[in-house]
Structures are given as structure tokens and as C-alpha cells.
Amino acid sequence: RGYTQLRLNSIVSGDAEAPAGVSRLRTIGDGEVRADNNFSFRRVRLVLQGDVSDYLSLYLQADMATAVSNQSAGERREGFAQLRDAYADVFPTRDKSFRVRFGQSKIPYGWENMQSSSNRLALDRSDGINTGAPSERDIGIVAYYTPDHVQDIWDRLGKDGQKLFGNYGAFGLGAFNGQGTNRTETNDNVMIVGLATWPFELDALGLEGQVFELGGSFYRNRVNPEIRTGGVSPIDYKDNRIGVHAILYPQPFGLQAEWNWGTGPEFDPVSRQIEERPINGGYIQAMARVRQSPLGPFHPFARWQYYRGGFKGAINAPRLETEELEFGLEFLPTPALELTVTYGFASRKEADERRFGQAEGELLRIQAQWNY
Amino acid sequence: RGYTQLRLNSIVSGDAEAPAGVSRLRTIGDGEVRADNNFSFRRVRLVLQGDVSDYLSLYLQADMATAVSNQSAGERREGFAQLRDAYADVFPTRDKSFRVRFGQSKIPYGWENMQSSSNRLALDRSDGINTGAPSERDIGIVAYYTPDHVQDIWDRLGKDGQKLFGNYGAFGLGAFNGQGTNRTETNDNVMIVGLATWPFELDALGLEGQVFELGGSFYRNRVNPEIRTGGVSPIDYKDNRIGVHAILYPQPFGLQAEWNWGTGPEFDPVSRQIEERPINGGYIQAMARVRQSPLGPFHPFARWQYYRGGFKGAINAPRLETEELEFGLEFLPTPALELTVTYGFASRKEADERRFGQAEGELLRIQAQWNY
Amino acid sequence: RGYTQLRLNSIVSGDAEAPAGVSRLRTIGDGEVRADNNFSFRRVRLVLQGDVSDYLSLYLQADMATAVSNQSAGERREGFAQLRDAYADVFPTRDKSFRVRFGQSKIPYGWENMQSSSNRLALDRSDGINTGAPSERDIGIVAYYTPDHVQDIWDRLGKDGQKLFGNYGAFGLGAFNGQGTNRTETNDNVMIVGLATWPFELDALGLEGQVFELGGSFYRNRVNPEIRTGGVSPIDYKDNRIGVHAILYPQPFGLQAEWNWGTGPEFDPVSRQIEERPINGGYIQAMARVRQSPLGPFHPFARWQYYRGGFKGAINAPRLETEELEFGLEFLPTPALELTVTYGFASRKEADERRFGQAEGELLRIQAQWNY
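Going down the list, the protein sequences come from chains S, A and G. Position one of the first sequence corresponds to residue 611 (the working numbering), numbered consecutively onward. Position one of the second sequence corresponds to residue 611 (the working numbering), numbered consecutively onward. Position one of the third sequence corresponds to residue 611 (the working numbering), numbered consecutively onward.
Careful: at least some of the hints might be erroneous.
The list treats identical chains as interchangeable, and a pair is accepted whether it falls inside one copy or across any two copies.
As the list claims (entries may be wrong) - Okay, derived cross-link-like pairs now, SDA-like style, lysine to any residue, Cα gap no bigger than 25 Å in a straight line:
no. : residue 1 : residue 2
1   : K848      : V662
2   : K706      : L905
3   : K706      : T944
4   : K769      : R830
5   : K706      : R964
6   : K769      : D664
7   : K706      : G826
8   : K769      : T944
9   : K706      : S957
10  : K706      : I802
11  : K959      : L824
12  : K769      : A946
13  : K706      : R901
14  : K706      : P943
15  : K959      : P629
Hints listed in this document are in silico derivations from the structure and should not be mistaken for laboratory results.
Please model the complete structure; the sequences and the hints are all you need to start from.
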């Protein structure tokens, strides 16, 4: 099992390049949004999973599109295999509604973070939500609980072809290293994360079959960002967030929104050091679902996102200032192949503490995704 | 599926070592042709493939014998997994004779480049042809068309155990990034590549069952070679080639030849910078096929190769001056195991712009390949 | 097939940190025995194997928990896939008792080295035995022979759930590169390795079903350790060892001991260069097997280990001075899940030629292992 995403990103107009010290139009979600690029793989995923017994099931996911830096002449090489998930689910009561997950898995923070990229309409996650958990995963222990009633609603939506958030629980509570995906833990602190989400059936309001999902999540963490002079900061900074989410599943019109607030490390260009600063960001997305057309089912969507705060995943935790409006269309000519086209209007500060100001521009992006 | 190649290379006599500034006997096809080596893996390949529907089939290949540089004390470590192929074949007309291939796959330039290394008699590809597409692959889109009549001839040869060039088409036309396998694209230009090959049945000439295949290929590209001071050259150089190939399949005697000409980047030691220079090279191979022996079927072969031109895949695109004559024997004691022994007489300039002159020597090489 | 080991190491008391020049409490078996750590993967293994014919079988194992150094800001990244084994077993006589193994596989030195980490009771191998073959593997050719009578005894023990040393032979003799797992060979010398082990049934002594296994192994090698200034030493040092082992399988009480002696490279802090010095070390382990309990079968064990000598696997071959006493319990609630808890009292010199003196401390370690 798995999926591959082949992309063609093009900066149609705007600040594709800029002199030193000035932001260029870049995103934290896809390093191939840049000048001088053509085709690129965003993800080449392979999944192995299985039920070992009624009490134990296993999951292993690797990505084959990871670049390794500092190879020939300091240049990077692409296409290396790197772990994404490796966890064991233990069902202590044999009942599948409660599970304890050991190993590397997604941290339960942010609905969009939990949803698989193979299911998401937009090409990249929003800066506001994803900066809380870059690459979404960490090593730790997490417990999930899903009441049967909730599972039934999700099963019904899933069978209908709705884009759900995956094999996670309605309630999750976990402890993780907190330093980030595939990074070496650098402090004795653990990250405490919790999520709750609940789908409401709106039949009682006369909206036959419609489902509205509401929830929130939080984490408490301390993080040591990497620093420009090499290695990680010896100081661990406060990194706490709380967020809310709401989804009206598209039957045929839907809405999806998330927002979060908190405190995190951010480089201050005046004091020239990392400080603890407030964080504020999220997105609103409108989408529709056309079940039949000569080209197969398709989903039009529009998303506006906003973020102000640091990005702990980059060197020196640079400040981001993101506003972006994207319009997109996802086609499914066959279930195994998805084609997405988006056109976006972006105003972004580059994720580099040595570059300032907003880069503005328009982006055309095309993605072919094949599922296997 | 996949295969592994275990090798023992030995420089029997000649310039195994040399002082700084003088060429040592090295090849661009196998980094383990050097002094002080014993056993080495050249390839450890794993393939996953499958047909998703009548309109879609997928292919994923990784190599487990890739070295990663700059690890402990600046030393490299071996055995990492890196992507080779990841593509989706779309058959828009459901007819398998026409396909559009999306993703990372071989660029259709050079018959020898297209042929799988598991099928090739010689241990390494020739410098003349392979310098056009080092590691043979790139990300892009390519269309292949194979008339049924041609497919029938290849199917017949394949059933007979002939070493064909693989699941490619008689006609191919594609657009790729053009910077090289698993390298980051560095210019907005795409590489345009085309190949045509046609098998002629010689029954009409009274040569029952004999097949002669003739064809050619070309590409137009611009490339930014890596430079000694770090990173890639800011200048993109012209990198254009045209080539021809001819194969008489061994029943029991065969001939195979390719040659190509073009222009590409080459380091000029006088001006001390990379310039656009002519390229000229190819090979001629004679081979036979003994279907039965006490040791199983075997193939004796002899290959002479020649190349004059730059090598865009190495730092600073150094000039190569290669002449090599190899004699070899490939045994197949069981279909899953192939043993190859070659003895070669080489005169080569090392692929390093800081070393000059021709290194001469004799090479004994042994390979065990297991297929799975 | 494969297994994953998730660990939580904690330095309960002692020298978790130390000023420059003084040893900290670290082990060569697990880099995550350190301050400031929480959860970690020690191994994420995946195995592919199969019989191709009566004469040929294949084995491929990769690890998904390998770190790659020198990535962002000089920091390492974890979770990369790297080869462990890739070999072909040829049975020339079709009889499975004799095999020739080609490729990367374990070198037959040390009973504990041969035993899979998924079977070992203690979390890490002992310094004394494992320093002879860090990561246990190398590329080469090795022949194994197992008399049918011996195979029968091992099969009986294996069915009984005893922790055997794996699919190796009673007698092994091989030639390998000798530079270490996934390292580039640096001298023309090969490593010659041999092992013999023989299980004796003690029924004649009135000990019904008890088995006592006795054996020894040796190797002759020359190795070029990595040096602090970059690259490997131009000098190849003598690296020879001989060892003995004895195992009384736990029915229900068992004993296991190994010891080895030899000569190897070791950094001399006075002359400030690597010299050839004597090596001496091993371990004694007592263990029991409780077949039934409310928590499933479990194994209590205690191990004392000792080592004095250089460590060729680290930069500049630093001297180790290790004494450690560990107590542990391994639970098997289901066959696919193993939980191990150990508590250890350690006195160790850190594996860094720039740090001196003994670090002392107590270690609590917890491991969850899932097999698939």
C-alpha cells in the first residue's frame, strides 16, 4: 500500500527570486515551490500493515522521496528512504474501540495534521496548523478511544467516499519526545498532546445525512530549535498550543476550518536570538463534491489561510507571516489516480531569519497522485 | 522482485595508484574499481510493480547499495536505500501498445541505457553512451508506442532467452528535468528526449529466425554541473546528443554497436572553467550464445569502447578519454544465478579535472548476480 | 518479517553528563543511553527471504532506524533505511546441511554476535564480544556445515522456545572485507573468520533433555580505523581475536558465557597515535525460564560483563574499560510482543579518545519489541 505524488509547481508571477535579505516566494509545505524547478516528487510512500492477533496490530510507513544533504560537493541527493510511521497498536480489552499505540506515529494535534495527505484536497497543509507538528510524527505512546456510535458515523461517511481524517480516535492523549519527526530528542521533557473530535448528525435539523464535526486539541512541549552556528540550541523554549476545528462534510457543499493559538520559539532580528513569542493562525476552506461528470467525480475547493508566528522546524525558528488564498480542483478519473490543479495568491515571509519582508506572487500547481 | 550484484574487482597490473595530478585507473561505472578493495555490492535492487486497472499500472524500484557521504569523520557509509524508479503507466486507450509514463523512469536515450543491468553481458555500461544519462533516470513524462507486430517479435526473442532492452516502446518521446537521477532540478529548462528502434526479421534473407534491430535516439538539454567550490554551477550549459544503435541478436552469433555525438559541458584545464565541447563515443560488442554445456548455458562476449568528451555527472564535468577492450563470459548455472568473469585492457583518463594523462592497466572482474 | 525495538533508557543516577575530557556514562551498544533522551527506536527491521530452488535461497534485511549525519545545520536525521543483510545461500549438494553464503551477512565470530537481537535476553550485546564485529556483518563469502544430528538437537530446542543463535552452521569458515558493516573496504587484506559450536545432550548424565553447547571462534584481520582529522588511517593495524563460548540452555535454569582475547588497534593518549594493544573481555549470564504465569511466560536473567581494549568501530579506536552488572526480566504476553526491563550497575570509560576516567552509574531500561 502507499501513494506517490508527482508535482509541477510554477511561480506564475511574483517574487520567485530576490536579493539576499529579502524574502522569496517559498512555502514550508513543499521545498519545490521555487524558481528553476520542473517535476518533483513530494511523497513516495510505502505502507506495510497487519493484524498480528486480536490484541495487536502493526503499521510501518516509509517515504522514498527524502533528500540527504551534504553529498557530492555539498549538494543534496534525493530519493532516500526514511521512516514515517512504525507503531504497534495494543487493544488491551480486545475491543477495537480502545487502543494504545507504541512507537512513531502522528501526534494527535490538529485535524488537518491527522488527515492523510492522500486524502487532503489542498496540496499542502496550512502553515498555521502544521507549524505545530512539522511532518506530524514523533516517537511516543498515545491512547485512542472511539465510541462505537462515532465509529459508525465515520464508517458511513467513509463508505460514501468522504475524506476523513484516518484511523485515529475520537479522543487521543499521548506523550512524545517533542523534538520533531526523525529528530534526536534533546531534552528530558516529554510533549503532552490531546485531541477530541465529535461528529454530529444533523438529521434532527432536517438535514438528512449531513454531518458536522467539532473538536479541539492542545499540546504542551519544550523544544530546542536548530541554530545557524550548528547543532541545536542549548536552551529549550516553551512550545504550547491550543486549537479548534469544525468540519461540515460536503454533501454536496462543505466547510472546514481550524484555528490555533499559543506560544513558541521565534527568532528576534533585533536581539538576534530566539525568544518565546505568541502564535496565531489557521484556515477556512469551502469545498463541494460533484459525484458524476464525464471526467469522473471531482471536488472544487477554495482555502484561505493565515499565520503569524515562529516556525520551530527551521534553523533559528524564523518568523512566518503567511496569507494565502487558493482555488483548486481535484479529479478522480479512476479511484487509483487523482489529479489536482490549484491556483493560489500568496503573501509570505520566507522561512529564513536572514530574509525580511513579504514575498508576493501567484502560483500554479499541478499534482498527479497514484494510490496503491 | 529484484536482483543483487556482488563483485570482486582487481587491478591485475597498471596504474592502480598515482601521485596527485596524474590519472589513476578508475571507471565511472563502478566506484569499486580501485586499489585496496575486495568484495563490493554494485546493485541491491528491489522492485514492486502491479496493474491497478486496465488503464493504470505502477512500478517502484529502490536500490539498497547507495553510499551516503559525510558521515562519521567525513567518511561515507554504504547500504542506504534510494529510489530508482517510481512511475505510473497510463494506457489511455486501454490498448497496451500506447502508454504515458508519469514519474521517475529511464530516459529513452541509448539502447544500452534502457536495457536493465540485470540483462547486460558487460558489467558496466559504456562511457560513450552512459555519460549521456548517468544512472539513466529522471523525473518527467514520457509516451511510448509499440506496434503489435514489433511486440510479437520481442516476445518471441524474450521467450527464447535473448537479452532484450526491457518494457519500453519502439518509439518514445519525453520531457524530463534533465539534471540527473535523484538530483535537484536547477533550471527551468526541460530535457526533451526521443528514441526509435525497430526489429527486422531476416527470414526473407534466408536467415531463419534471425532478428536485426536498428534505431536511434536524441536529447536536447541544459545542465548545471556541480562545481568544486560547492553547489552547482550558476551557468546552464548546452547538453545535446544524437545516437544510433544496431543489434543482431545472437542465434548463436551476435553483434551490438552504438555510437553517439553531441555537445556538452567539459572542464578546460587552461581556462580553468567549464566550457561547451564536442562529445564522441560508443562501443562495438560481439557475443555468442551457447545454449547447453555441463555448466549450463553461457555467453562469451568481447566489447571495445571509445569515448572523448566531458562527464556532466562528476564535479566540474571533467574530460574523459576512454579506450577499453574487454573479454567476458557469463554463466547461468540456474536461472536465478548468473556468474560473469571479465578481463579488460583499459586506457582511461580519471574522471577528475585535477588529474591528467592516461592510466593504463588490466582488470580482472568477477560478478555473482542473483535474481529474485 | 522483521521486528521493531522501542526503548526508554534512563540514567537513574551517576555520570549522565561530565565536563570535557571526562567520561560520561555511555554505551557502544545503544547511542540513546545518554542524558536528555526519552523514547527511541533501537531497531526497525524488515526481512525478505525466499527459496528460489533446491540449490539457492536468498535473504535481504534492512534497518529503518539508521541516522544520517550532517544534515540541517550539521544535525543528524533519523529513520533512514540501510542494508543489514543481502546474501544468497548456495547448496551445491542440494543437501541443506552444507551451504556457501555470498554477499553481506554476519561474520561467524562470537555466539552472541550470531544470535539475532530479537532473541537475545539482554538489550545490547556485550562490549567484549561485540567489539570484534561491530554491527556483526560484512561483505564476503562464507561456508557453513551442520551435521544432521546437530540440526536435530537445535530443531528440538527451537520448537521448545529456546533462544538459539539462528540459521547458521555448527562449523563456519569465511573470508570478508574486514573493515566493518556498510563501510568501504580500505585495504587489500581479507578477514579470515572461523567458528565451531557443538551441542551435547546431557541425557547420559541423567539430565533428561538438558543440552550443553560448547565452541570457539577466531578471526585474523587488518583494519584501518577512522581518524579524528577525517577519513581513515592510512595504516592498517593487526586485528586478531580468539574466543570461546559455552551455553547451558535454561530448562529451567541456564548459564551462558563467552570470553575472548586478542590484539587490536587502540589509541594511546601518551603517544597520541593508534597502536596495536591486547584485548580481553567477555561475559557470564545466568538465566531462567518460567513457562507459565498470569502475565505469560517470562525469563529472568543477570549478566556481568568485562572488557579491556580498543574499539575499532569508533573514531581513533578509543580504549574501553567496561564492567557492568545487569538484572533483567523479559515478558512475552503474546508471541508477537516482548517487554524487557533491565536495571544495570555500570562502570565504563566513554568510547572517545579525548575523555578519560570511568563513568559510574545506574541504568533503568525498558524495551517493547514487536515481531512481524
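To see whether the hints hold, each was checked on the structure:
1. Proximity of K848 and V662 under a CA criterion of 25 Å is satisfied in neither setting, with 40 Å inside one chain copy and 48 Å between copies.
2. Taking the shortest Cα distances, K706 and L905 sit within 25 Å of each other only across copies (21 Å), while inside one copy they are farther apart (39 Å).
3. For a Cα distance limit of 25 Å, the shortest separation of K706 from T944 across copies, 17 Å, qualifies, whereas the shortest one inside one copy, 32 Å, does not.
4. For the homomeric pair K769 and R830, neither the shortest alpha-carbon distance inside one copy (36 Å) nor that between copies (48 Å) is at most 25 Å.
5. In this assembly of identical chains, K706 and R964 lie within 25 Å of each other by CA distance neither inside one copy nor across copies; the values are 50 Å within and 53 Å between.
6. Taking the shortest alpha-carbon separations for K769 and D664, both the intra-copy value of 24 Å and the inter-copy value of 24 Å come in at or below 25 Å.
7. Proximity of K706 to G826 under the C-alpha cut-off of 25 Å is restricted to the intra-copy arrangement: shortest distance 23 Å within a copy versus 50 Å between copies.
8. In the homo-oligomer, the alpha carbons of K769 and T944 lie at most 25 Å apart inside one protomer (16 Å), although the nearest pairing across protomers, at 33 Å, exceeds that limit.
9. Taking CA atoms no more than 25 Å apart as the test, K706 paired with S957 passes in neither setting, with 45 Å inside one copy and 46 Å between copies.
10. Taking CA atoms no more than 25 Å apart as the test, K706 paired with I802 passes inside one copy only; the shortest distance there is 24 Å, against 53 Å between copies.
11. For a Cα distance limit of 25 Å, the shortest separation of K959 from L824 qualifies neither inside one copy, at 31 Å, nor across copies, at 55 Å.
12. Only within a single protomer do K769 and A946 lie at most 25 Å apart by alpha-carbon distance; the minimum there is 16 Å, versus 32 Å between protomers.
13. Neither within a single protomer nor between protomers do K706 and R901 lie at most 25 Å apart by alpha-carbon distance, with minima of 32 Å and 29 Å respectively.
14. Proximity of K706 to P943 under the C-alpha cut-off of 25 Å is restricted to the inter-copy arrangement: shortest distance 18 Å between copies versus 34 Å within a copy.
15. Proximity of K959 and P629 under a CA criterion of 25 Å is satisfied intra-copy only: 14 Å inside one chain copy versus 41 Å between copies.
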